[in-house]
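Between the sequences and the hints, there should be enough to build the whole structure, so can you do that?
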Amino acid sequence: MDNVTRYAAINTKTRAMTGSFLKDRDYENLLNKKNVTEVAAYLKQNSHYKDVMKDIDLGDVHRGRLETVIKANQIKNMKKLNHFFIDGYREFYKSLFMRYEIEDLKSILRGIKTHSESLENNAPNINLGLYSNVNVQALLESKNTRDFINNLKGTIYYDYLRPLLQGNNEINLFNAGMTLDTAYFDVSFKSLELLTKEDRMAVENIYGVMADLLNIQTIYRGLKFYNLPPEELFNYTIYFGKVFNRNHIKELCYAKSLEEFQKKVHSSKYNFLFDHDNNRDIFMERRILRYQYYNLKSQNKKSSMDISRVMIYTMLLEMEIRDIISVIESVRYGMPLDEGKKFLIRKL
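Each residue of the sequence shown is one higher than the one before, starting from 1 at the first, in my numbering.
One thing to keep in mind: the hints can contain errors.
Within a straight-line C-alpha distance of at most 30 Å, the following computed DSSO-like cross-link-like pairs (lysine-lysine) qualify [said to hold, decoys possible]: (1) 342 with 297; (2) 269 with 197; (3) 342 with 263; (4) 23 with 113; (5) 50 with 13; (6) 297 with 80; (7) 113 with 342; (8) 302 with 13; (9) 301 with 256; (10) 79 with 190; (11) 79 with 44; (12) 342 with 50; (13) 263 with 79; (14) 113 with 80; (15) 301 with 23; (16) 347 with 44; (17) 302 with 269; (18) 301 with 263; (19) 76 with 197.
Beta-carbon label-pair distances, calculated as ranges [stated by the list, open to error]: (20) 334 with 12: 40 to 48 Å; (21) 75 with 170: 29 to 37 Å; (22) 57 with 266: 48 to 56 Å; (23) 208 with 166: 30 to 38 Å.
Just so you know, the hints here were simulated from the structure itself, not pulled from any lab data. Virtual Cβ for every residue (Gly too), placed ideally from N, Cα, C.
Right, here's the structure in full:
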């Protein structure tokens, strides 16, 4: 099938869906709301979330419920798009669901490590089962991280996580989280073989930037918080970056100190990550996501009859949801408008 035939309909659909994204004025309005109920009312009345929110009782809405609804809308839209694909393309796009399933797995892991009560209520976990046959109830009942990993037997994740069970050392969130991310990128890149050469290049162009930024964040956190040895850090990195090849990544992992690592990154196109007085990790993550956001917006203007437009829509929708959740948190804690803006991916 030629690309014009493959993408004519789906690109028209994604163009329309992209046009319905929240605008800057919507975020300004949302950040000025006094409580979560007002945020929900605005989304219900003034956004593309109105259909999925039609049954929401504004008199009994809370942060968890609202987050569940907007995330469910994302999955619904992704499933709509997947119906446009056939054969290997449908299998490739389905691999994107794995990413969101992993986010729920990480959420449960955080609950286990912090001994949060009522895990089922603290996190929506609506993505579990989208890609694999995970036993949700068994995972929620896990007493510790080892239980959690053992309860993933029979899924694609178990073989990746099983090496962490060796020995009696405590399994920390960093190791488990990075192992799950490695699983996702492994599966995604294997599924690239199902695409045409042109589409593989389009995906690699998008994922290459993601890999670079994720590697920088991984090495930074591994050095700063966990004092991991270079060889272990290197094992958690992804080798298909756009700017950093395998040798560059190895050089970053073997930096003698956090300061040396930052200097090496500072000499690259990603110097903006450390070119700030405020290096709090939450703002570093925002800078990473903001760079990706505007990079995707730029690529979207250039994309044509290839898979990039669908990929970009999916990722921009995820970022919109992240920003809505940040707005909800800002409103809940009564942050001033200018302070709330700092936590958004987009720049207002």
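Against the structure, the hints come out as follows:
Between the alpha carbons of residue 342 and residue 297 the distance comes to roughly 20 Å, so the proposed pair stays at or under 30 Å and holds. For the hint pairing residue 269 with residue 197, the CA-to-CA distance comes to about 27 Å; that is within 30 Å, so the pair holds. Restraint check for residue 342 and residue 263: the C-alpha separation of about 25 Å stays at or below 30 Å, so the hint holds. As the CA atoms of residue 23 and residue 113 are separated by approximately 37 Å, the hinted pair breaks the 30 Å bound.
Distance restraint check for residue 50 and residue 13: the Cα-Cα separation of roughly 19 Å lies within the 30 Å cut-off, and the hinted pair is therefore satisfied. Using a Cα cut-off of 30 Å, the hinted pair residue 297 and residue 80 holds, with the two alpha carbons roughly 22 Å apart. The suggested pairing of residue 113 with residue 342 holds, with an alpha-carbon distance near 29 Å, which does not exceed 30 Å. Distance restraint check for residue 302 and residue 13: the Cα-Cα separation of roughly 17 Å lies within the 30 Å cut-off, and the hinted pair is therefore satisfied.
Restraint check for residue 301 and residue 256: not satisfied, since their Cα atoms lie roughly 41 Å apart, outside the 30 Å limit. A hinted pair counts as satisfied when its Cα atoms are at most 30 Å apart, and residue 79 with residue 190 qualifies at roughly 21 Å. A C-alpha spacing of about 22 Å is found between residue 79 and residue 44, which places the hinted pair at or below 30 Å, so the restraint holds. A distance of roughly 27 Å separates the Cα atoms of residue 342 and residue 50; the hinted pair therefore holds under the 30 Å criterion.
For the hint linking residue 263 to residue 79, the alpha-carbon distance of about 43 Å lies beyond 30 Å, and the restraint is violated. The suggested pairing of residue 113 with residue 80 is violated, with an alpha-carbon distance near 36 Å, which exceeds 30 Å. Between residue 301 and residue 23, the direct Cα distance comes to roughly 17 Å. Compliance with the 30 Å bound is thereby established for this hinted pair. Straight-line distance between C-alpha atoms of residue 347 and residue 44 comes to about 24 Å, which keeps the hinted pair within the 30 Å bound.
Restraint check: the Cα-Cα separation between residue 302 and residue 269 comes to about 21 Å, which is no more than 30 Å; the hinted pair holds. Between residue 301 and residue 263 the alpha-carbon distance is near 33 Å, which puts this suggested pair outside the 30 Å criterion. A distance of roughly 29 Å separates the Cα atoms of residue 76 and residue 197; the hinted pair therefore holds under the 30 Å criterion. Taking 40 to 48 Å as the suggested C-beta distance range, the pair residue 334 and residue 12 conforms, at roughly 43 Å.
Separation of residue 75 from residue 170 is about 34 Å and conforms to the stated range, judged on CB atoms against 29 to 37 Å. Take residue 57 and residue 266: their Cβ atoms lie about 51 Å apart, and the range 48 to 56 Å holds. For residue 208 and residue 166, the Cβ-Cβ distance of about 32 Å falls inside the hinted range of 30 to 38 Å, so the restraint holds.
Going down the numbered hints, you'll see the structure goes against 4, 9, 13, 14 and 18, while the others check out.
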